[in-house]
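Participant: For reference, the chains in residue letters:
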Amino acid sequence: MKKLSRAYLILIFIILYVPIIYLIVYSFSAGDTMTNYHGFTWKHYADLFADPRMLAIVANTLLVALLSALIATLIGTLGALSIHRTSKRVTRDVLLNLNNILMVSPDVIIGASFLIFFTTLKLPLGFGSVLLSHIAFEIPIVVLMVLPRLREMRPAMLAAAQDLGATTKELLSRVIIPFIAPGIFTGFFMALTYSLDDFAVTFFVTGNGFSTLSVEIYSRARQGIDLEINALSGVMFLFSLLLVAGYYWLQQRHHRRKNKRQGATL
Amino acid sequence: MTNRKNWGYFLPYGLWLVLFVIAPVALIVYQSFFNLDHQLPLNNYATYFQSGVYLKMTANSIWYALLITLFTGIISYPTAYVLHQLKHRQFWLLLVILPTWINILLKAYAFIGIFSQAGMANNFLRFIGIGPHQLLFTNASFIFVATYIQIPFMILPIYNALDDLNPAYVNASLDLGATRWQTFRRVIFPLTLPGVKAGVQAVFIPSLSLFMLTRLIGGNKVITLGTAIEEHFLTTMNWGMGSTIGVILILAMIIVMQLTNDHDQPGGFPR
Amino acid sequence: MKRLLTIVALLLGVCGLLAYTSHTLTTSSGSTGAKVLNLYNWGDYIDPQLLTKFQKETGYHVNVETFDSNEAMFTKLKQGGTHYDLTVPSDYMVSKLKQAHLLQPIDRSRLTGLTNYDPMFLNKSYDPGNTYSLPYFWGTLGIIYNDRFVKPGSLTHWSQLWSPKYRDQIMLIDSARDILGMALAEQGHSMNTTNPATLRAATHKLNALSPNVKAVVADEIKMYMIQDEAAVAVDWSGEAAEMLSHNRHLHYVVPSEGSNLWIDNLVIPKSAQHYTAIYAFLNFMSRPDNAAQNAEYIGYATPNRRAKALLPKTLRNDRQFYPTRQTTRHLQIYRDLSPNVVQTYNDRYLEFKMHH
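Residue numbers (my numbering), protein chains in the order written: chain F, 1 to 266; chain D, 1001 to 1271; chain B, 2001 to 2356.
Isolated chain F, as found in the complex (with noise of 0.2 Å):
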């Protein structure tokens, strides 16, 4: 059982990589495009440490997809916290589909619609019009991935935290946020991701030189995507391993000697 598990898993995962390792390898062929592999070069690397104008984007969507993905998670969170909250039940279901309204809504008519509204406020298009829009798209999946850990605590362990003497204050930071904790960062990531993912949306309310890598991507498709993207695909994906790694290993070290210091105390 244990090994039929182990082995599903390690096909999951295999799926899960080899569109990526397909990119990959093509960043690595002397060709020009991602059909026949024509042997080894670093040539696309080259070409895309060159390019101040590709590396000044990246440098742009990383920034726009953290600093949204981080408001909207903070939004999205106090959103769940409220909608929980509602007694009523009608009122919660409304609050709850027009939270997904965002998430149903094909990208082109958010585009255009957020685009319609920034050009009536007289809002200046580029940065800021952008990353309001991706906080905007992103707060729906945090609401969602946050309230179902919500519904899961037990009404019980708040009232034993307030009969103890807890305020509002405690009873967030020490009781219900460490609890809900799983589900931020699961919205936290999501939120990153459908950032990253974004282009319709972006496209619309960018201007004044302002562009991110999806809208960049897609514009090139009508030449051809060429194999320098795949190149920044690659560095982009090692550079997030190895901070996730880097992440995962600093934590394991904390929690060892933590572990290792309340044995001594013992």
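The hints are simulated quantities; they were obtained by calculation from the structure and are not laboratory data. Don't take every hint at face value.
[As the list claims (entries may be wrong)] One-sided and incomplete, this derived list gives chain B residues near chain D with beta-carbon spacing under 10 Å:
no.: 1; residue: Ile2046
no.: 2; residue: Arg2167
no.: 3; residue: Met2171
no.: 4; residue: Arg2177
no.: 5; residue: Lys2214
no.: 6; residue: Met2223
no.: 7; residue: Tyr2224
no.: 8; residue: Gln2227
no.: 9; residue: Asn2340
no.: 10; residue: Val2342
no.: 11; residue: Asn2346
no.: 12; residue: Glu2351
[Claimed, not checked] Okay, derived cross-link-like pairs now, BS3-like style, lysine-lysine, Cα gap no bigger than 25 Å in a straight line:
no.: 13; chain 1: B; residue 1: Lys2205; chain 2: B; residue 2: Lys2165
no.: 14; chain 1: B; residue 1: Lys2098; chain 2: B; residue 2: Lys2124
no.: 15; chain 1: B; residue 1: Lys2124; chain 2: B; residue 2: Lys2002
no.: 16; chain 1: D; residue 1: Lys1221; chain 2: B; residue 2: Lys2078
no.: 17; chain 1: B; residue 1: Lys2308; chain 2: B; residue 2: Lys2053
no.: 18; chain 1: B; residue 1: Lys2078; chain 2: B; residue 2: Lys2205
no.: 19; chain 1: B; residue 1: Lys2165; chain 2: B; residue 2: Lys2151
no.: 20; chain 1: B; residue 1: Lys2098; chain 2: B; residue 2: Lys2078
no.: 21; chain 1: B; residue 1: Lys2124; chain 2: B; residue 2: Lys2270
no.: 22; chain 1: D; residue 1: Lys1056; chain 2: B; residue 2: Lys2205
no.: 23; chain 1: B; residue 1: Lys2053; chain 2: B; residue 2: Lys2035
no.: 24; chain 1: F; residue 1: Lys88; chain 2: D; residue 2: Lys1197
no.: 25; chain 1: F; residue 1: Lys2; chain 2: D; residue 2: Lys1087
no.: 26; chain 1: B; residue 1: Lys2035; chain 2: B; residue 2: Lys2056
no.: 27; chain 1: B; residue 1: Lys2124; chain 2: B; residue 2: Lys2078
no.: 28; chain 1: B; residue 1: Lys2205; chain 2: B; residue 2: Lys2098
no.: 29; chain 1: B; residue 1: Lys2035; chain 2: B; residue 2: Lys2270
no.: 30; chain 1: B; residue 1: Lys2078; chain 2: F; residue 2: Lys122
no.: 31; chain 1: D; residue 1: Lys1087; chain 2: F; residue 2: Lys3
no.: 32; chain 1: B; residue 1: Lys2270; chain 2: F; residue 2: Lys122
no.: 33; chain 1: D; residue 1: Lys1221; chain 2: B; residue 2: Lys2002
no.: 34; chain 1: B; residue 1: Lys2313; chain 2: F; residue 2: Lys122
no.: 35; chain 1: D; residue 1: Lys1056; chain 2: D; residue 2: Lys1221
no.: 36; chain 1: F; residue 1: Lys169; chain 2: B; residue 2: Lys2308
no.: 37; chain 1: B; residue 1: Lys2053; chain 2: F; residue 2: Lys43
For every residue, glycine included, the Cβ atom is placed at its ideal position computed from N, Cα and C.
Chains D and B: place on chain F using the hints.
Facilitator: Positioned in the frame of chain F, the structure of chains D and B alone reads:
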């Protein structure tokens, strides 16, 4: 907690609701009443419901979204379950999310390469003796790639639900003589249902309006509402009709939410 | 909670670092400040070396922003909030932009390279007298075939696509005007017809093509054809050029009975700001050496006849991309049709797509 304090927490979220949800939706609903000639309200809706093409597209969208959600669920639940039993499970979970950070268009192009006549998938089929097959532009390949894209969005909430599960329940069930399968069916699965439902919402709703994969991988053999909206906004510039379909999608989403939401649980805060 | 705050602080630090990086990268390349030109272009539709050369010669830095369809670009220009100095619409979109009062006339007294252009691409129906536009690249709609599956020279007419021997072999470009236009041209009608009965007949004709259609795809059609996924495709010459350069078994034909002629043009949107830079750029791009360099980089056909003369012989004598007068006589430019007719084209086209 006093009510005034709660208002402070709700404010940013409420502001977002008004500015970025209610305002755009009002705009979409308003536009949906106008056709190209700015005639008669509800004209677009009449066109929609009288047109065999649109109704067929709607049926297609719902059917494929259902299939995608179903396959995603079937694949993701065991994955989340096994993943959750691993030692470094947090790390593996992050590895599930990582592929989603690579641009979807690039991944689709990779799949075109993999599924092509001379691609990896066909080489594998040849190797095991089934011979090459036309893989691209089939419903199967479209559903496969769509499922691939959605899997992480299903695994995460299910994993979180499993994480919440108190092992004491499982142990109790096993101690009381239930088999593993019974324990799973009667204890584990019902207790992780909220996670499954969150996953279904996160997968089914966006799947209704898929458009790019239907063209890239499906070769436009599958036409969904997303395709039509894309066309109305970007080709014919008939924003009225596009908005009409948008409104219909929103209504469909509300129905899905009603079906998958828990209504029996009261709000959790003591008051 | 403390850990959560640490993570937030860490992420904010990373954000600051990224903002700084992005800032230095953009200022070092000089994209802010007064000496700029904002070009709104299709992705990868100009040789980046020309931009560097332009900056060296004139001191103007070109900021490039990209779009992926004429209609999407139209929406952006119409909604405002942006200041593009130049953009690159196709023929029918020039007249649509003109009608929406989104363009400003080009001051011809400030142009130095006007005589370099082939008169064949000037004074067209979408912009009589070239008041608003200068041609940038041009091309046709045609048939691409792979000589591994199709005998070379045996496929030269639209009507042959309906032959049962191409069953499940043909890929079509996902564009209502072009695919219906192909059926119209096959039947000898104008590709700009507004007659509903003619359009209906064309749709019936298209439905009969369904068994031969393997897929209806967009930009990715290049990748498919390069990897031998289908024997035949209907696509634009620009895309074809890209495919041919990667797969020597591919060939491109423009059916002599009639097809589409498209021209992409440089125009000045209403919101433009940097006029000296604009005219410097227009003149720079109409210089034969620069236009030829750009045509070699992009692989599209140049409307600049003096630039064409500078191209390598194999390129400028390539009948696939610079067809004979005999063929070009039968080429038709798409007119900007009224929204209702455009809708009819798209509804008919959708019916065809749903048909198979």
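Participant: Could you run down the list of hints and mark each one as holding or not?
Facilitator: Hint-by-hint comparison with the structure:
no. : hint                     : in the structure
1   : Ile2046                  : 22 Å, violated
2   : Arg2167                  : 12 Å, violated
3   : Met2171                  : 8 Å, holds
4   : Arg2177                  : 9 Å, holds
5   : Lys2214                  : 6 Å, holds
6   : Met2223                  : 6 Å, holds
7   : Tyr2224                  : 7 Å, holds
8   : Gln2227                  : 5 Å, holds
9   : Asn2340                  : 6 Å, holds
10  : Val2342                  : 5 Å, holds
11  : Asn2346                  : 5 Å, holds
12  : Glu2351                  : 6 Å, holds
13  : B:Lys2205 with B:Lys2165 : 17 Å, holds
14  : B:Lys2098 with B:Lys2124 : 14 Å, holds
15  : B:Lys2124 with B:Lys2002 : 68 Å, violated
16  : D:Lys1221 with B:Lys2078 : 33 Å, violated
17  : B:Lys2308 with B:Lys2053 : 20 Å, holds
18  : B:Lys2078 with B:Lys2205 : 37 Å, violated
19  : B:Lys2165 with B:Lys2151 : 12 Å, holds
20  : B:Lys2098 with B:Lys2078 : 11 Å, holds
21  : B:Lys2124 with B:Lys2270 : 22 Å, holds
22  : D:Lys1056 with B:Lys2205 : 22 Å, holds
23  : B:Lys2053 with B:Lys2035 : 15 Å, holds
24  : F:Lys88 with D:Lys1197   : 21 Å, holds
25  : F:Lys2 with D:Lys1087    : 14 Å, holds
26  : B:Lys2035 with B:Lys2056 : 12 Å, holds
27  : B:Lys2124 with B:Lys2078 : 24 Å, holds
28  : B:Lys2205 with B:Lys2098 : 34 Å, violated
29  : B:Lys2035 with B:Lys2270 : 19 Å, holds
30  : B:Lys2078 with F:Lys122  : 14 Å, holds
31  : D:Lys1087 with F:Lys3    : 15 Å, holds
32  : B:Lys2270 with F:Lys122  : 17 Å, holds
33  : D:Lys1221 with B:Lys2002 : 53 Å, violated
34  : B:Lys2313 with F:Lys122  : 53 Å, violated
35  : D:Lys1056 with D:Lys1221 : 13 Å, holds
36  : F:Lys169 with B:Lys2308  : 74 Å, violated
37  : B:Lys2053 with F:Lys43   : 23 Å, holds
The structure fails to meet hints 1, 2, 15, 16, 18, 28, 33, 34 and 36 from the earlier list, while all remaining hints are met.
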